[in-house]
Amino acid sequence: PVEKVTIEKLVDKINCHSEEIYPRPTVTWNPRSPDAPQEDSSVTTKQLFNISSSILLSADYPDQTHSCTISSTRNKRTATLSRQAQRNSSDTEATIECHALDTPLNHLIWRFNYSQLILTWNKAESSYRASVEWEKHVKDVSDQGRLTLKDLTSQHEGTYTCESSNTEETGIASTVLHITKDGDQKNVGIAIAIAIVFGVLIAIGAGVIFLKKKKRHSRVPTEPR
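Residue numbers for the sequence shown follow full-length UniProt numbering, so the first one is 1 and each next one is one higher.
Think of the hints as simulated: they come from the structure by calculation, not from any bench.
A portion of the hints provided could be inaccurate.
Stated by the list, open to error - Quick list of in silico lysine-lysine cross-link-like pairs, BS3-like style, CA-CA up to 25 Å:
1) K139 - K123
2) K76 - K136
3) K212 - K181
4) K181 - K136
5) K150 - K181
6) K76 - K9
Whole structure, please, built from the sequences with the hints as guidance.
Next comes the structure, spelled out in structure tokens:
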């Protein structure tokens, strides 16, 4: 059977692969690529199939959510790579979404900048295990994989990747997080409020001047003919 499907973005293409399957599996992509996928397969000494499929990304094929399904006669598994998101957050607390699976997830992995482990979670334990570096920054992890962080600094700006999986599918979602200090946000809010008040005062002043001029013109006597 198809035990695991891995999907990843490699510069200008997305690659999907699985190993040790029998009989020979098939691969389908959603959405379909305008160009034929590049497919490669091999047979192990145990007569099991390893298969890999990739699609090219181009200007005519925008960055979006892609799904790859590898099927055999016994079962199938789907891996989904979500479109990269952008998020601005305060340094006090940040919540980052994970890819939503069709059925409840069994396993979860969060990483920072693709390689640094933040935490792992599994359904059997119903709790997460955070790495030493991130333990003090993890506030909560929801059953859907949503991650809430706290006490962040500019060093925590970067790409957060969530890999969620169950018996039928795997989902990978990346979010680029930008950190803004609470003080900076307050200053921006104050500046916007001042600008609005200043604009209103200018509008009122212009209206008063206009009414005075109009009143003055209405009082000018007309010359007799």
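Against the structure, the hints come out as follows:
1. Between K139 and K123, the direct Cα distance comes to roughly 18 Å. Compliance with the 25 Å bound is thereby established for this hinted pair.
2. Taken as a hint, the K76 and K136 pair is broken in the structure, with Cα atoms around 39 Å apart against an allowance of 25 Å.
3. Among the hinted pairs, K212 with K181 is inconsistent with the structure: their alpha-carbon atoms are about 47 Å apart, more than 25 Å.
4. Proximity of K181 to K136 is assessed by CA-CA distance (about 19 Å); at most 25 Å being required, the pair is judged to hold.
5. Under the criterion of a C-alpha separation no larger than 25 Å, the hint pairing K150 with K181 is consistent with the structure, at around 12 Å.
6. The hinted pair formed by K76 and K9 meets the criterion: a straight-line CA distance of about 21 Å does not exceed 25 Å.
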